[in-house]
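Chain residues, written in single-letter form:
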Amino acid sequence: MTADAGAGRVSVLRMGEILIAAIQQELTDESALALQSDLTEMAAAGARGVVIEISGVEIVDSFLARVLSEIAAATNMLAGRTVVAGMRPSVAITLVEMGLSLRGLETARSLEDAMALFQGQAGR
Amino acid sequence: MSLDEVTRLEIGSDVQIAGARQAVREAAVAAGFSLVEQTKIVTAASELARNTLVHGGGGHMELAVVENSGGRAIRLTFTDDGPGIPDVDAALSDGYSTGNGLGLGLGGARRLVQEFTIDSRPGGGTTVTAVAWSRTAQRVPR
Numbered sequence: 001m002t003a004d005a006g007a008g009r010v011s012v013l014r015m016g017e018i019l020i021a022a023i024q025q026e027l028t029d030e031s032a033l034a035l036q037s038d039l040t041e042m043a044a045a046g047a048r049g050v051v052i053e054i055s056g057v058e059i060v061d062s063f064l065a066r067v068l069s070e071i072a073a074a075t076n077m078l079a080g081r082t083v084v085a086g087m088r089p090s091v092a093i094t095l096v097e098m099g100l101s102l103r104g105l106e107t108a109r110s111l112e113d114a115m116a117l118f119q120g121q122a123g124r
Numbered sequence: 001m002s003l004d005e006v007t008r009l010e011i012g013s014d015v016q017i018a019g020a021r022q023a024v025r026e027a028a029v030a031a032g033f034s035l036v037e038q039t040k041i042v043t044a045a046s047e048l049a050r051n052t053l054v055h056g057g058g059g060h061m062e063l064a065v066v067e068n069s070g071g072r073a074i075r076l077t078f079t080d081d082g083p084g085i086p087d088v089d090a091a092l093s094d095g096y097s098t099g100n101g102l103g104l105g106l107g108g109a110r111r112l113v114q115e116f117t118i119d120s121r122p123g124g125g126t127t128v129t130a131v132a133w134s135r136t137a138q139r140v141p142r
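Protein chains in written order, with my numbering: chain V, 1 to 124; chain S, 1 to 142.
Misleading hints may appear alongside valid ones.
[As the list claims (entries may be wrong)] So the derived list for chain S, only partly shown, Cβ under 7 angstroms to chain V, looks like this:
#1 E5
#2 L9
#3 G12
#4 D14
#5 G32
#6 L35
#7 K40
#8 S46
#9 V66
#10 L92
#11 S93
#12 G105
#13 R111
#14 T136
I should point out that these hints are in silico values taken from the structure, not numbers from a laboratory. It should be emphasised that the depicted structure is a prediction, and the values quoted were computed from it without experimental measurement. Ideal Cβ placement from N, Cα and C applies to all residues, glycine included.
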């Protein structure tokens, strides 16, 4: 199952009860908001987790940080959890210096580590 | 991009914010900035470009590589003819937001650069200048 991926749009893949979005390119604000709405809709249709892979993302500014936090807030309300995987060290350093925190978000070093967080976790 | 050359980009849409980020990244790479230095100045540019668009109603960015005896820097100037910032100190404080961000845009951008100035008057538009010096970039002998 894949959400429609138009130009600049991030595809969302479903693996069982886990939704996976791999952001491979710089997002415009519009495509970040489209991802938020796709993920929230798909999570509402049934998911216990969302993994957002951001190793291809060169910068996270306050706008994208807010979008990621809101995705996590919506997923948490739907009884799931959101994991951000693969953040570049340079991005993490910059977020800390800016004073931004990704509230409500769990992080993992890689997509594989993120998926491992869901293994062994019984279904609802 | 050579020294003292000023590149001017319009900031009128979110695609142009992405374009501004790309231009700043290319300039930072060419100037010899480290990866972390590149990431900081590009992130600051993204915050300031969005402010220009969202709060200033659009405007432009000027990008220049500057040098002095101490080293090399990227200077970004964002100008709009919008409503201006009524209280600059408040706008720089964390949590202040009139838009859709986290209220950390201006203050966050200021923490990512070494020099930061805001010139704004109510009704008179806003100019924000941010300068990031590189520790790694070598000054080019001329």
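Note to self: Taking the earlier hints as the rules, which of them does this structure contradict?
What the structure shows: Result: hints 1, 2, 3, 5, 9, 10, 11, 14 break, sorted rising.
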